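There are 2 protein chains.
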Amino acid sequence: MRLEVDYGDLKKNFDSKVVRKLSDMSDKYKDSSGVKGDPIIYEVYIKDFGTFEAALTVLNSGTVNGEFFMTKGHRHKKPRKEIYILTRGKGKLLIQEKNHSKSVEMKKDKMYFIPPRAGHRAVNTGRGVMEFMSFYAKDAGHDYNFKFTKRFFRK
Amino acid sequence: MRLEVDYGDLKKNFDSKVVRKLSDMSDKYKDSSGVKGDPIIYEVYIKDFGTFEAALTVLNSGTVNGEFFMTKGHRHKKPRKEIYILTRGKGKLLIQEKNHSKSVEMKKDKMYFIPPRAGHRAVNTGRGVMEFMSFYAKDAGHDYNFKFTKRFFRK
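Chain order of the listed sequences is F and Z.
Here the first sequence is numbered in the numbering used here, starting from 1 and rising by one per residue.
Here the second sequence is numbered in the numbering used here, starting from 1 and rising by one per residue.
Keep in mind that the hints were calculated from the coordinates and are not lab data.
A hint or two may mislead.
To be verified - To give an idea of the interface, some chain Z residues facing chain F are shown, with a C-beta separation under 10 Å as derived from the structure:
| no. | residue |
| --- | --- |
| 1 | N13 |
| 2 | M25 |
| 3 | D27 |
| 4 | T87 |
| 5 | D109 |
| 6 | A137 |
Fair warning: this is a prediction, and the values are worked out from it, not measured in the lab.
C-beta: ideal position from N, C-alpha, C; glycine also.
Okay, chain F solo, but in the shape it has when bound (with noise of 0.2 Å):
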């Protein structure tokens, strides 16, 4: 029998794939147009863990007409918090209660707790690829038509 401890490359090693590219999103931005070829605007490698899963986004540096490369951002069906841990790059974390919301600089070897009701997006607002963990429960489900107020441009 061979017994192996699994490095978790999450890279390499996932149960499953997203790739959103800018055509999968363009309404998220404040103006998406002319905007050349159809850049991928971020990758998510996910594990499955049972009853949560664990993921590994990696989100491109760029802008959109100056506006930052962020993911679509959701908000969960269901009332489950979530953990967010940067591992690279630099970024923040966008979170919105109906009409408040409230973001912050992530720093890494801090985790954040994501409010059970809040809509959450994160932004690459550095010159490098940025990538972060989250964990979540499986049956949170992804409300994906949450509206965010806040944006987020190079100055």
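Since the structure of chain F is provided, determine the placement of chain Z on it from the hints.
Showing chain Z alone in chain F's frame:
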């Protein structure tokens, strides 16, 4: 309405806490006789995320008649994987299926996926505190009677 991003310092913000003194696990050591006092071997700060839990384990440095401080170790009652992430210090992760065991020196910035049926234990082989995060399904269950065959002594 206040909207807080809850910075995840599990030592201050936890739902439950476990303290393991030597007297709680003296049968796990080869020889626990003659140890003065009843040292705290480790503490676990646990936060509930609905279908899963996030735990920070703070494993002190020391030995029991030369055998390094370690966690009790367990196997899940249900076939549930678990994630370990070292956040401070130095130590080993021991996993075992039946009588076949393997240990690895844990590295920071790596994730370790524990196989569903494997017993697992952390061992602090360093001179300072060892801390690690773990993420596991709430319904995993814990079998603390699992017998580990491998032991780690200060040379």
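Can you verify the interface hint for Z:D109: is its Cβ closer than 10 Å to any Cβ in chain F?
holds (7 Å)
Regarding the hint that Z:N13 lies at the interface with chain F, is the smallest CB-CB distance below 10 Å?
holds (8 Å)
Tell me if the interface restraint on Z:T87 is satisfied: Cβ within less than 10 Å of some Cβ in chain F.
holds (7 Å)
Given Z:A137 as an interface hint, is the shortest Cβ-Cβ distance to chain F below 10 Å?
OK, holds: Z:A137 within 10 Å of chain F, min 4 Å.
Min Cβ distance, Z:M25 to chain F: is it shorter than 10 Å?
Z:M25 check fails; min Cβ-Cβ to chain F is 23 Å, beyond 10 Å.
Residue hint Z:D27, partner chain F, criterion CB-CB below 10 Å
This hint is violated: Z:D27 lies away from chain F, its Cβ roughly 25 Å from the closest one there, beyond 10 Å.
Violated hints, in rising order: 2 and 3; the structure is consistent with all others.
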